[in-house]
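Chemist: Sequence:
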Amino acid sequence: MGVTRREPQSGDGTEPYGADDEESAAVLRTVGRVVKTCRERKGLRQAELGAAIGYSEEQVSSVERGRRAPSPTFLEAADGVLDAGGLIAGLKKDVEEARYPKKVRDLAKLEGEAVEICAYDNSVVNGLLQTEAYLRAVFGSRRPAFSEEEVERLVAARMARQGIIDGKGMIPAFSFVHDEAALRRPVGGKMVLRQQLERLLEIGQMRNVEIQVLPMESEDNAGLDGPFHLLRLKDGNTVGHSDIQLVSRLISDRREIQILELRYGIIRAQALTPRESLAYIEKLLGET
1 MGVTRREPQS GDGTEPYGAD DEESAAVLRT VGRVVKTCRE RKGLRQAELG
51 AAIGYSEEQV SSVERGRRAP SPTFLEAADG VLDAGGLIAG LKKDVEEARY
101 PKKVRDLAKL EGEAVEICAY DNSVVNGLLQ TEAYLRAVFG SRRPAFSEEE
151 VERLVAARMA RQGIIDGKGM IPAFSFVHDE AALRRPVGGK MVLRQQLERL
201 LEIGQMRNVE IQVLPMESED NAGLDGPFHL LRLKDGNTVG HSDIQLVSRL
251 ISDRREIQIL ELRYGIIRAQ ALTPRESLAY IEKLLGET
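Numbering-wise (my numbering), the sequence shown opens with residue 1 and increments by one.
It is worth saying that the hints were derived from the structure and are not from the lab. We put the beta carbon where it would ideally sit given N, CA and C, even for glycine. Keep in mind that a hint or two might mislead.
Now the in silico label distances, taken between C-beta atoms and shown as ranges [said to hold, decoys possible]:
{"#": "1", "residue 1": "G265", "residue 2": "M216", "range": "18 to 26 Å"}
{"#": "2", "residue 1": "E96", "residue 2": "G286", "range": "36 to 44 Å"}
{"#": "3", "residue 1": "K42", "residue 2": "R255", "range": "54 to 62 Å"}
{"#": "4", "residue 1": "E113", "residue 2": "M159", "range": "28 to 36 Å"}
{"#": "5", "residue 1": "R207", "residue 2": "A51", "range": "29 to 37 Å"}
{"#": "6", "residue 1": "R184", "residue 2": "G80", "range": "26 to 34 Å"}
{"#": "7", "residue 1": "E58", "residue 2": "L262", "range": "47 to 55 Å"}
All chains should be built: construct the whole structure from the sequences, respecting the hints.
Modeler: Pasting the structure below:
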């Protein structure tokens, strides 16, 4: 059966890890208690610890209450000042995982097990290909608005996922099809879009990546129902992913996977070839 998860509703800024992600929340609360216990054992106030490690009293308080995911620098500095003997610094990996929404961690895990990743996008450039400026503009356009902490957290999560394209070890084969509208929309302004198109041209030269464009003048488009991913895993199974409005959905039902595979095959056939697509992106860049 397919698995559906609601998107974390954190627009009020009170829970940057997402109200439905209790696992991450519990990790951050535990880290906060450890920091607080070590601080009180050392006889320091929050303001004093903050001054000693280069952070404000409010930042220390937010970490101790589990409302903020501390950076590796914070944890290392606090460990040294509080003579924690590695207890606090040793929490860096746990905090790093808790910084990302659970749906992002789940997707990143599947991407790490994939031998091929296919994606169709018709609104914005695919997340694995976005420049930092472009993805900041994407997150910045969300309504209700994300808090600054949420934006930073989401940016870090997205950038971490992008390492799969040119990372070490087994690198999957990638196939991206974009509707032309996604490549023309000036998300973040013309300069941000220009940099994004240049990034697509750069990645499109990689041997394991194929980028295709489905022109708006095309009368046929099998992807009008919206964007989706297909991840073909090492074990031979295929998983789908759809992230539309408030629903992020991982799809494993074989009948639904067959439909998505059929649609993606048709979409690729309707799009320009990879070589033609790169030339088309160069044309769009010249017009931007």
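Chemist: Give a verdict on every hint.
Modeler: Status of the hints after comparison with the structure:
A hinted range of 18 to 26 Å for the beta carbons of G265 and M216 is consistent with their spacing of about 21 Å. At roughly 41 Å, the beta carbons of E96 and G286 sit within the given window of 36 to 44 Å. Roughly 60 Å separates the CB atoms of K42 and R255, a value that falls within the hinted 54 to 62 Å. Judged by the Cβ atoms, the range 28 to 36 Å given for E113 and M159 is violated: they are separated by roughly 20 Å.
In this structure the supplied range 29 to 37 Å is violated for R207 paired with A51, their Cβ-Cβ distance being about 52 Å. At roughly 51 Å, the beta-carbon separation of R184 and G80 lies outside the given 26 to 34 Å, and the hint is violated. Our hint of 47 to 55 Å for E58 and L262 holds, since their Cβ atoms are close to 53 Å apart.
In this structure, the hints that do not hold are numbers 4, 5, 6, in rising order.
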